[in-house]
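Position chain B relative to chain A; hints supplied.
One letter stands for each residue in the lines below.
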Amino acid sequence: MASSHQASGIQAARLDAVGIAENFSDLHPAYDAHEAAVAADRCYFCYDAPCMTACPTSIDIPQFIREIQAGHPESAARTILEQNILGGMCARVCPTETLCEEACVREAAEGKPVEIGRLQRYATDTLMEKGTHPFTRAASTGKKVAVVGAGPAGLSAAHRLAMLGHDVVVYDAKSKPGGLNEFGIAAYKSTNDFAQREVDWLLKIGGITMEYGKKLGADLSLDGLTSSCDAVFLSIGLAGVNALRAPGEDKNGVRDAVEFIAELRQADDLTALPVGRNVVVIGGGMTAVDAAVQSKLLGAENVTIAYRRSRDEMGASRFEQDLAASKGVKLMFNVMPKAVHGNGAAAEIELEYTEVTDGKVSGTGETVRLAADQVFKAIGQTLEGQPDALALEGRKIKVDANGRTSVAGVWAGGDCASGGEDLTVTAVAEGRDAAMDIHSSLMG
Amino acid sequence: MTDLTTEFLGIKSPNPFWLASAPPTDKEYNVRRAFEAGWGGVVWKTLGAEGPPVVNVNGPRYGAIWGADRRLLGLNNIELITDRPLQTNLEEITRVKKDYPDRAVIVSIMVPCEEQAWKDILPQVEATGADGIELNFGCPHGMAERGMGSAVGQVPEYIQMVTEWCKKYYSKPVIVKLTPNITDIRHPARAAHAGHADAVSLINTINSITSVDLDNMAPEPTIGGKGTHGGYCGPAVKPIALNMVAEIARDPQTRGLPISAIGGVTTWRDAAEFMAMGAGNVQVCTAAMTYGFNVVKEMISGLSNWMDEKGYTSTQDFIGMAVPNVTDWQYLDLNYVTKARISQDDCIKCGRCYAACEDTSHQAIAMSEDRVFTVKDDECVACNLCVNVCPVEGCITMEEVPAGQIDERTGEVVSGEYANWTTHPNNPSATAAE
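Chains as they are written, first to last, in UniProt numbering: chain A, 1 to 444; chain B, 1 to 434.
Isolated chain A, as found in the complex (with noise of 0.2 Å):
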């Protein structure tokens, strides 16, 4: 027997295996090839198109919309693939209403702009669905490369590296690959074990030599690296979490969102997976509404996101806040932990109110108490276990416009790195920009 969502505490099958299957499914399903014809014909084509600017990867988009228009999506994909190689991915988790979609003239026009999101998705999987890989390796250039992190910036890096002709090993701490692709996202992006399957497609080029559970720091220097191979690429994520710094956070039944979303992500039966029946997410990234969203559809009764500063400000966009809210998410803006209050688990969380004034936020004294039996911290990733050589900009792997590291020979990108926003598109274009650099820098 199913629990029901009134069960309290921290329990699992909240929802049957038909709830959380329907839960579960994409958030977009996939166009059928007469949906896609017909969300294609609405592209006009643009002259120095805003959409292909707007794009991380620039991405030409006219250009593949058309393809997909005249009916050869395999051209499309290849065009999508020629900029983003995890342009699969990217069509599914990428904020589209933030960059593409949003800088779409249909969007300015009628509010309505181009799916362009969805037909990169139909391009790129009408691609991978025939089991071809469309680029082929230049000879081979003797070169040798690490690539440190095998989530979306390591494997762009790695897959241009070995399309070049260099000969490439990528680690990772983890027993497999994919990283935030794997580990982080909300499942419903990536159904059917996606992130698996793009990784053994992007493999197919040949020339990435895959090593797992291989942590930088403990089973690799990167003194050792440098010196075996010619360049080291880093994409070593944020493996740190913020903490909240509230009474109470030691608490049973308070953890990392990132833990709780890749437990999620990894777990064989959802029905299995606990989750609160009062949930309380602190943050306003994507991160929060993911785990928000997630504990919803498992089943938890409510769900609060509290985020500290107002609406605006809030990292999500607008697209996700509603997503949050249709699942019957509660969002609470200008709210910030006080204290987590219980006897041993959580019970209920104090929120106090907040103020910004020039930027920095500040309680105004006002609190208010919600149950809360799981509170999930999503407060933001932090730089952890990076080598001690390399200088950093702020709370990041200092690096310049074409990724190199304050140490010649190390290159590094992704959300370890500075500059660009914390993104998958952001990182693979981080991940080609920097292997393109390299192949100058070893064939130069």
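The set of hints was computed from the structure by calculation and includes no laboratory data.
Mixed in with the good hints there might be a few duds.
Stated by the list, open to error - Listed below are several chain A residues computed to face chain B (Cβ distance under 8 Å; list not exhaustive):
(1) Ala54
(2) Val105
(3) Gly111
Said to hold, decoys possible - A few chain B residues that face chain A, going by a derived Cβ cut-off under 7 Å, partial list only:
(4) Tyr158
(5) Ala355
(6) Pro391
Source: prediction; values computed, not measured.
Here a beta-carbon is modelled for each residue, glycine too, at the ideal position from N, C-alpha and C.
Below, chain B without anything else, positioned relative to chain A:
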């Protein structure tokens, strides 16, 4: 609601929308449904001579081209004239006309180019009580290979001869349906006129191959691996038909000859345009074949609304009104100067005007860093391409440069006086202005 009653050749119908001779008018069953839906008249699908009827192919008869969302833009067919016995058709026509005395029923006919063939069939058609006949000199496929259809319509002498026979053996109006598969539509129209035709109808379908099956390397529609040209119709042919109607309407030799216009009429507006261009009524086929007979309801309401707005109380009020404004190129006013104007409020910054002008025209549109598009008056020749490619209706307009102002492209003051090529100094045969 405005009364749309239209009289054409003395034949009254409750509206000017007739179904053209085609599959929709092949049988009593269809025609009754058409009349119930509101069609003003029908031209019954072409009858052939007594005897074994023609046979059609048993593979696909139609091919098409489509626009966005598979909107049908052009249709082609290789269907022949009616493949049902003559007597069956005649009996059905008689019954339908008797039951719908207020609707126009015209019988389309195609028999061999021999006087006896026409002499045989015409009294039988007359006996049905139908309001008139239409001579099918238009079908470009199949029947033309047997010396009928467009094979007749392409020879003005045959048109005149057969028309004369029909006037001799038939007492009611005779409409001659013209093929567009000729170089100058005025010649067959003049021949019909010379043969005392009461009216012409046009256009019949245009020779066409809609597409090629690239797997089988055969034209579509493909019948057992082969294809043939068919007759093209639908929205795509409307501009061709409009021009041909206008040519006949303004030809001094055929001026005043009633015209029933055919060719891509899909909405009330198409009908109003053809009628303004001199047609007394319109015939419709593809729109009905695409959407069913109910499309006539929009045509009726749309034409009626428009006539109300304009204060027209009868279709007679606007028929032919645009004809005097169709002229030859040489008489167009070369002192009429316009410039494109882009409404920045309406512009959505797609840049299509820029791409079109910069790549393919006169480099007369400037694009700023922040995607503001403006017209360079000193380069703009007023070609209208930017207006045509702009996805926002009304965003780019052509504004007249008033007399007295300088045309920045030529540096000359706009005179405001009419002047055309016939008097232009660059014209070797110009006649000096007195």
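Legend entry - Agreement of hint A/Ala54 with chain B interface, Cβ distance less than 8 Å: Violated: closest Cβ of chain B sits about 12 Å from A/Ala54, beyond 8 Å.
Inset, instruction - Using Cβ atoms only, decide whether A/Val105 comes closer than 8 Å to chain B, and label the hint accordingly. - result: 4 Å, holds
Inset, instruction - Have a go at the A/Gly111 hint: is there a Cβ in chain B nearer than 8 Å to its own Cβ? - result: 11 Å, violated
Inset, instruction - Against chain A, run the beta carbon of B/Pro391 and see if the smallest gap drops under 7 Å. - result: 5 Å, holds
Inset, instruction - Identify whether the interface hint at B/Ala355 stands, where standing means a beta carbon of chain A within less than 7 Å of its own. - result: Check passed: Cβ of B/Ala355 comes within 4 Å of chain A, closer than 7 Å.
Legend entry - Agreement of hint B/Tyr158 with chain A interface, Cβ distance less than 7 Å: B/Tyr158 check fails; min Cβ-Cβ to chain A is 45 Å, beyond 7 Å.
When each numbered hint is compared with the structure, violations occur for hints 1, 3, 4.
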